[in-house]
Each structure stands twice: as structure tokens, then as C-alpha cells.
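> Read off the chains here:
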Amino acid sequence: METKKTVLSFAAAGTVAGVAGLVLLASPAGAGEAPPELPAISPDDLVESVLNTEIPALSGSVALENNLGLPLPGMPGSTDGAEIRVFTDGEGKHRVQLPDSGTETTVIDDGKTVWVWNSSERSVTKVPHGADGKAHEKPLESRFADPATAARELVDAMQKDSEVDVDGTARVADRPVYQLVLTPKPTERTLLREVRVSVDSETRVPLQVEVLANGQAEPAVKAGFTEFADGPQDASLFQFTPPEGATVTEQDPNEEFRGQAPKDLFGDLDLNTYGEGWDTVLTATIPNDMLTMPFDEARPGGDRGDRGDRGERGGFANGSDNPLELLGTLGKQVSGDFGTGYVISANVGTALITEDGKVAIGAVPEQVVIEAAEQMK
Amino acid sequence: MTTVPTAAMSDVRTTTRATAPLGRVLRSELRFILRRPRTLVALAALAFTPVIAGISVAIAAGSMSGGRRDDIAGIAMLVADNGLILPIFVLLLAMPMMLPLCGAMWSADALAGEASTGGLRNLLLAPVSRPRLLAVKAFGVAAVSLLAVTIMAVTAILAGIVLLGGEGMLTLSGSTMSVPASLGRIALLTLLVTIQVWAVAAIALAISSTTDHPLIVLAATTGGIVLFTVLGGIDTLSWLHPVLLTDGWLDMADVVRDPLPADGLVENAFRATCYILIGYSLALARLTTRDG
Amino acid sequence: MSKDIAQPDSSTMLDDFPPRTDTSADPVAARTRGLRKVYGKTVAVDHVDLDVPVGAVLGMLGPNGSGKTTTIRMLLGLVTPTAGSVELLGHLMPGGANWALPEVGALVEGPGFHPFLSGRENLFRCAAAEPRMVTSDIPRAVNDALERVGLASAAGRRYRGYSLGMKQRLGLAAALLLPRRLVVLDEPTNGLDPAGTREVRAVIADLHAAGTTVLVSSHLLAEVEATCTHVAVMHRGSLVAQGELRELLEAGNAGLLVSTPDVPVAVDALRDNRMPARATPDGVHVDLTTTTAPEVVATLVRSGVAVHEVRRQRTGLEDLFARLTEAENTTARLSDVAEPQPSTEDPT
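Residue numbers (our numbering), protein chains in the order written: chain A, 5 to 381; chain B, 944 to 1235; chain C, 405 to 752.
It is possible that part of the hints are untrue.
Said to hold, decoys possible - Derived pair list, reagent style DSS-like, types lysine-lysine, alpha-carbon separation capped at 27 Å: (1) A:K8 - C:K445; (2) A:K130 - A:K164; (3) A:K9 - C:K445.
Worth flagging that the hints you see were computed from the coordinates, not collected in a lab.
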């Protein structure tokens, strides 16, 4: 029967279209696309333009990927689809929104004051700019939400100790980019293979940074725009009035501002660096009692909306009662001039934590962190 | 009967149409759905949910702590003294199970239920052609789903204003929206939730076309939603997640972020549309080949 | 019945049909050829060549499970045949359903109504879907149909509370919402009390008088005998006989009833002469298929049997029905032995 056949072919076409739509949703964007054709550029010129470009007014979404197996200070464990939304007017005003399931942390720098809104607590933290008219320090959350600045700082810091090359073109956030690759000079003692920066061909804003370790196909850390649009932004985005009923606390701009970042591990640390370039080691001192304090108390903001204290990736919640006990199960015991401690090795880095609270961590082999620990007071 | 004059039928006029006027058939279908007692019970329950939610929040206001850290709890933190967000809270509360079940129930009644009473045969004999029958049924289910979500939103707006008060709507991003803008966001979420319910109902209608037992449809749909939710919670299956209908349901909390992040919402609606297309296509194929 | 009722135009209807090749000269309202339906491994209907003449009241007779309902469902396009063709009011089914069915009223497999609606609301729903129904006439058509089946007083009650008979009448009402060219009633008297049965018969008689073709199925012979002009007998999925009721009755009359005081002697005498005879409460019954009445009388007289009376027996349709189905049963059983699945054999 003709009509029946027609109806059935309609039904078949509809089913195929629906399934095709779902497949489209599941396929990564831009997969299999040919790299864009761009005029050739020398590595030095590209570095030059990256370092000298003013970051323009823009809006975008930033996705973070942390495959370190450890939480990074201030970096949300994983954004898993929920992307960080960033806005800037190019003149120092910023808006960063960190959405989480059903909650949001919004950081707005209106040029005079930094406001941090936390929806899960209905709280506002207000930090006026210092006397010099500058925000004293950006809240930790928003640092990683700015791949452009992060990339600039990284390129600036690393170029001296790196071979710099341009490795063709690609697409990031649907924009043609140059791939700037920094590889460590042979003298550098590091576990990292390269740092790859994707630079927007038009605005020369770095759109994505990837840190790749030796022997790893996937980047250990990746921060980049998934959406990027330059152009003037609505001024109202950079204004904030604390809503009625919200708890407002004001912080002294001269105190180091830590926003809502996890305080248990990265809060009251005496941060220093040792060495430079690829083999930089970050050193810190943890207050003594923190290592033996039970986990529950170690987290003053236990029910806060922050992510770093969830310990999903850090492995905090494996049944150990205090950090020291946990270290014993995770790390290898070592001793030396610095005392006794534990070395935790990952593909991309090594950490040394001593029993008296010294911490040295870097993207380097074990020997380098031990050297760093020995230098500590 | 024999006492009735046989001419009783004689002055009924007839036309030569091959199909009944569509509007008449659709009206008749709607009237039929809305006369069904369990439809009315479901609608009443949906209308009542916001009131209960509003009262609980009004009582619990302030004493809520972030014990649960999920989307619903996140919005719940904002509900106190912020009445216009109650519709958002309530719609997201009903999204994972309550509304999909209602959609599935209406789909179950539409084909399987009608087939079990023999009513479907009456329609086929009238005749209503099979593609048209599906269109009429799909329309009925879609209309009553929209009605259900709208009723929920409207009672939630009223309950929110009366019980919780507040001027405008405090968003997740900390800004306060004007009343018209808030109503716009509520209307948007109503539409988006309705599309998701339509998607569930379309799949349920496809199942409904294969059986005479409405309960099988309900059980299969519930099972599917639970399965999808479980799969959606397994991180190693993240490549599969974009395909799962349930995946973006709670992300619809995005409607109370400022500025509105459209991408996720559009993707959600697109995913639902794919399911609608698949559901209705399969239902059409099955209904066309099925014995009446 | 009033002549305002839309009557089928039999001449145009004839034109709608392809050239006829069979022997019947009458126009038909419905016709099947080589109809066959298989469900899995079960053959429900096979080789059914049914003709429903225009204006006839055709009784489809057969025991439960004989394939009547399946045949009717294929006739109405509810079921797609496995093989064979169906013409309904000149349209090939099931493709022509949209053109044929508006002029067909049908009650198949019991009434299909919704328990939570009243009888009237159920009919409104049916009426809304009727293509030929004029929207403004729906209330009147519904009320007329309700009165016609005697449900006017119960129309406002929920269908849930209806008795079996009332449900059946409501189904009949739905089939009678509009003037039809063909009315198909599947077991219409199911669940009806004797009064209800008489009323259904009256409705069928009215329809017949108005020129409507009626196809009525029943497993009750008296039903068919009382209402039908034509009959088709089904058994085990096959059509075993069809034709005018009168003709079939004649065909079944080949019997003599002999009144005699010496029943055993008479039976023996006839059997000795190879005449099929059996004792009945009324006397001796002799089948005339292999012999003639004069030979029977001559044989009895020769044998010295006292004969009070000899008369031709007017069998009822029941006898015919029993005979046809018994014959079918016998042959079917025989072929069951010879061939496990006789009905699945290919017609070629």
C-alpha cells in the first residue's frame, strides 16, 4: 500500500534525523576540521605580540581541566561542563561567574571594589581597592578563570628557559589560533614536556594554555576559552549592589585577600618559590597543628560552596583521620637535612611534605624538591 | 425502541467530507483528557505542590543549611523572602520525576489506555487515519503537559508572592531582577520544562503504541528515567552524557543566572527536540503497522 | 422509514467495482477474495471469498473462534490481511478506509467506551470523529441515536454503571449516529436479555427496510434465522457455505419424515436398501441426497411397514448449521490425521 509506505518512510526519516541530532550533541565540536590557513609568523614575533597585547573588552566562557590528580590552589577541581563565565571591559573592570550545580559564586571588580557574591550562603564579601586604586590581589577563584593573563604570565616567566616554536594553527573557541609551544631547554630539570599556548590570530589574546607532561597524551592542566567574543560589554555587568537580606562582610584591602578559597590547605601558608623557569619549586609552611588536626575541624568553612575542600581528586576522604596519617598511606618516606617527610610523586610533579610542616612542590623530579626543602628555613 | 419513530434519524444532515474537521477532533480529545479523573487529580497535585513548598520554605526560612549540596538545595537557599524564585524552585523540584511521570501517564492513556477500552477502534472506524490519530493524541498530550507546567508555575508565582514576598527576583548571580523580567524568566523556564516533558511524553507515546497496558508504559518510562539518571551519574560514561535526556534537566537552573547563559538551555531544548522527533516517528511507524 | 434517508446509489456503486468475474450478478457492498490471516503460526482465517450483496442482511454464522471477528476486522481495515483482497463499498481496504468507512457504521468486538464518561459524552466523542457529521447536528444525532436504542433516560449516567446490555446498546447507537450504506454488527445481542434481543432485531429490520446493507455476526442460529436474508457460515477460519437464507434452507430440506408405529423395522428395511435412515422422536428421518421420496415409499411398502404419514422435512437453519459444521469437523479431523496443518497449505 502506497500511503503506508510513505508514512513509514516519514517515520524512518524522523527517527534518523533525531538520532543524528543526538550524535551531533555527543560529538566534540570542531572535530575533524582542517586547521585554518593563517599567514606565517615567527615565534619571536608571536611571543612579542602576546606580551604586548592589551587584553581587550571581552566576554567568554572558560573551561578548566585538571588531570594532575591533585587540586590546584584556587582551581576548581573540575568544571565538568559548567563553564566559568568571564567578562571584562578591558579597563580593569571584571566579572567572573563560577556556576556550580544550583549555586553560583560571582566576583565583580567594579573598579573601586571587589565584590564576591556566594549564592549558597547568600553572602557578599566586599573588598575595597587599596590606596593605590588597585585591587590588592585577585581572589584565587578568578585567577584561573583568566587563561589570557595566566598564559601571558606563563610565557613571560618561562620564555628565558625555553625553546619557543610556532606549531601550526588550530581552532579554539571557534576562532583561528596560532599554537605557541614552549619546550624546556635541555638544562631544565622538569617532568613537563611542553606548554602549549593558543593565541588568537586576530586579537593576539592567548585563548588556551595546556601543560603537557612527559609520556602523557592528555594535558595535565588545560585552561581555555570555549567561547570568546571581543567587543564592548554592558556597563551594568560590572556593577554590584548587595541584595537585600544578604550578609555583607568587608575585608581590609591590606590583608591578603583569599576570597572563598579553601582555607584548610592553601590558606595560611607562607608561600615562596625556589629556583626559576621550569624547575621552579613552590615551598610553603603548614601550621604544625594542621597536619594532626582531624579533617572536620581542619575545614572551618565545611559547608561552604567552594569546591577545593571536597577532596574528590586529592584523595582526602579515604578514611584517614588527619593529613599526616593520610600522607603515610600516599607517600614514600624520606629523610635528610630537612628532617623526615613524605614524597608524593605524580606524572607531572612531585611534592614533599615534612612532619614539621614544610612543603615543597613542583613539576620536577624528587631530587629537586628535596633540594628545595633543604633550602627552607 | 420499537416504539420510537424510525424517522428519528432522518433529519440528521450529512456532508461528504472524508475527514472530520481537525479543530472538532482536537477539541473533543482535549475535553476527553480533561474529563478523565486521574488527569484532574494530577493537575490538582501539581497545583498544590508549590503551595506546600512555599509553606515549608516560609517555615524553614533561615534555618536551612547546606546539608545537601545539589541544584535543588542551591536554589532553595535563595527562596526565603524571594517569592518569585519559588516557581523556579518548584519546577526544578518537579522536573526529575513528577512532571515526566505525568507526561508518561498522559501518553500511556492516549494510546495504550484507549486501546484497552476499545476506544481506539472507535476512532479508527470513524475513520480517523492513523497518522492523524497520532497527531491528535500527540496534540492532546502536549497540550495537557503545557497546561500542567503552566498551572504549576502560576500557582507557584501566587504562592511565592503571598507566602514569601520579596520585590523582584534575587538571581543566583546576586543581582535583583525586575518583576517583568522575573516573569519572563519564569515563562522561559515553563517553556523549557514543558519541552522536556514533551520529550518524555513522546518516548512514552512510542511505548504506548506497542501495548494495550498503560501500566507497562508508566513502568518502562520510569525505568528509563531512573536508568538515564544513573548513567548520568557515572563519570566514566561522560561521553554518553550529552545523549541522555535527563542530563541537562537540573542545569535549567541557568535561567536564574544573570546574564542568561543561553547555550546550555538551547542544547537542552535541542536534545529534547531530538527525542520528540524519535518518539513520534517510532510511534507513527508502530501505529501504522499495528492491528486496530 | 422516511425516504429522506440517504440511500446508496447502487448504479454508481456498481461502477466503482472492477469488472466482475464471479457468477453472482448482484452488486456487493463488501467482498473478500482469498482472504487469509495468520497470527504467528495460527491461521485465523483462510480462503475466505465473502460477498455481501447490497441491501442484504447477511448473517455471518459460526461458533466462537471460527474467524468471524477476524474477517470483519479485515473487512473494516482494522487488520491488514496476510493475503487476499478486501473491497468495502467499492474501495480496496485497508488503503481506502478513509473513503469507505465514513459510510459504514460498525460495532466490533464489543463496545469501546470510556467508563468515566456518560453515555452521551461517549457518543459525542464518537460523533466528533465522524467525517460526515455536520458539527451543529451532533447533539441531535446523539440524542436520536440514544433514543433509537432506548438509552435516552440513562444517557447522563456514567458508562461505568451501565449493564452489559446497556453497553451493547450504546455501541449500537454509535454505529447508528449517521445514515449508513453498510452497518456491521459483531455479535450485537451479546449480553442482551430477550427484550433487548428483540429490539436489536427490530433495528436490523428498520435498517433493512431503509435499504441499508447489514452484516451481522452471531454464534446463535436463531438470531440469524430471525433477521437475515443471506447467510454465510464460517468454521475453523473458512467459509463453508454462503448464499440466500431461503436457498440454503431449501438445500437443507432433502429429508423425509416417516410416521410409523414400527420405527426399528422401518429403519432396518431402509438401511437394507442402502437408504440413510435414522430414528427420531417424531418417526424415521430419511436423507434424500442419495435417493428419492418415491423409492423410499416403495421400499417401505415392499417391506410391509405400516406408514401413517410421509412428509418433506423443513429443517431449520440450525440443522443446516449443525450439518455443515459437523461435516467440516469430520473432514477437518480426517485431514488433521493425514496432514498436521491442513489450513496452512498454500492455495496454489
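> Evaluate each hint against the coordinates.
Now the hints, each set against the structure:
For the given pair, K8 (chain A) sits about 25 Å from K445 (chain C) by alpha-carbon distance, which is consistent with the 27 Å threshold. With a CA separation close to 39 Å, the supplied pair K130 (chain A) and K164 (chain A) exceeds the 27 Å bound. Taking the CA atoms of K9 (chain A) and K445 (chain C), the gap is near 26 Å; set against the 27 Å cutoff, the hint holds.
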